[in-house]
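K.L.:
Which chain is which? The protein sequence lines are S and V, in order. Quick note on my numbering: the first sequence kicks off at 1 and runs consecutively. Quick note on my numbering: the second sequence kicks off at 1001 and runs consecutively.
You may find that some hints are simply not true.
Stated by the list, open to error - Mimicking DSSO-like on lysine-lysine, the simulated pairs with C-alpha atoms at most 27 Å apart in a straight line are:
hint, chain 1, residue 1, chain 2, residue 2
1, S, K82, V, K1157
2, V, K1061, S, K3
3, S, K63, S, K180
4, S, K152, S, K20
5, V, K1157, S, K3
These aren't lab readings, by the way, just hints derived from the structure by calculation.
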Amino acid sequence: MKKILIPLVALAICMFVISKWTDTFKAFTVFSYTLHQAGNTPRDFPDIPMIDQDGKVFHIKDKHKYVLLNFVYLNCPGVCQKVNNRLEKIYHSISPEEVPSQLEFVTVSFDLKNDNVQKIKKYRSFFGDINGWTFALPYQTTQNDFEQYLQKVGIWAYPAPGSGIINHSVYIFLISPENKIIRIFDPAREDDLTIAEKAQSCLNGKLTSSLY
Amino acid sequence: MLKWKINIIVVLIVFVLFYLLSYPLNNWLSLTMPRHQLLQLPAMFVLGITLGAFFKKIIVKNISYSIAGIIFIMASLIFWMLPRSVDESVIHPAFNRIMHFNMLVAGFSTIAIFRNMIFEIKIFFLGMTAAMLLATGITLRVFDMLLCSSFNIDQQKETGFYLIGIAVGLFIGTLIFLFKKLSKK
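With the hints as constraints, model all of the structure from the sequences given.
P.N.:
Here is the structure:
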């Protein structure tokens, strides 16, 4: 009996360590781990003051409508632009009766050092007439506070030293009028049409909340 | 006396190489995914094996401890191939050094365990390792989504390609080892 006990104990210890490390075998990347650590949906969307492209300070919780929110930074060499181009398609695929009356798009920059109101305004202008799509920055928030905020949201962001690049998650969050994250989309896994359909289903109350 | 001197020299060489790979060369080796996963990680494992090869008296004789050791080695390899572990080790040099030390110990343990291990378990271990490397390689090769935030998709696919090659090589080596042993019987 003792003979089998030693390998079993070793196996149990190893499985325990890997289980803890991957949040019970659910999160194998830093992106998914940060997201899982933030908690299951539906959960409260953490509050932070934001400033939009016109210099107006706002809070997501004060919108009292559905919000589709993502994070980018303007110096991103690739993925942010791709995600925003896809969001643009999603934006145009949703009925004008629903945007902005029921649903609003918010894109938040997490580059506090380099991005400012003028830059996000100029960047937003590239998308043409996008009424109901706000580009924003955290307002009067320190880097440290913002990092904690991102963790609560479930976003991994790590500025690579010396390169100006911020490694980050690309999740898109659907926030309810009650300021709860009700659905999280992963643009790497889901196509534009699926995201648009699921977002619209949530608006119409057909879909219940889930992680993805 | 001469044997002891050789052993001391080998230990010194291994630790100098360990230091070089872990400190001065760490930034360069952590710059791309193939360097980190295909050079730095296996280099530490090979250093452990080299170290173990010169200490012939260190043998794990108890089968229970041998199997426990194999579980530890397999779990170590799995752990350091997880995308989260790769990212954390690139971001935090101290965490990366835990990986280096872990791989050194795993390599050393492999030799100490293999000296007195029954043939069937050796084949099982090598086959499982090849299968694990192959599965990881295929995952990295075919996934079109970024798994490690510190690197890019191209590096991820390149690492996957080489891992598949290493896995196939290890599998062929295991087969040769198996048939050589069987022909002797």
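K.L.:
Could you run down the list of hints and mark each one as holding or not?
P.N.:
Results of checking the hints against the structure:
1. Using a Cα cut-off of 27 Å, the hinted pair K82 (chain S) and K1157 (chain V) holds, with the two alpha carbons roughly 20 Å apart.
2. With a C-alpha separation of about 13 Å, the suggested pairing of K1061 (chain V) with K3 (chain S) holds against the 27 Å cut-off.
3. Among the hinted pairs, K63 (chain S) with K180 (chain S) is consistent with the structure: their alpha-carbon atoms are about 12 Å apart, no more than 27 Å.
4. At most 27 Å may separate the alpha-carbon atoms for a hinted pair to count; K152 (chain S) and K20 (chain S) meet this at roughly 19 Å.
5. The hinted pair formed by K1157 (chain V) and K3 (chain S) fails the criterion: a straight-line CA distance of about 42 Å is larger than 27 Å.
This entry does not satisfy hint 5, going by the numbered hints stated previously; all others are met.
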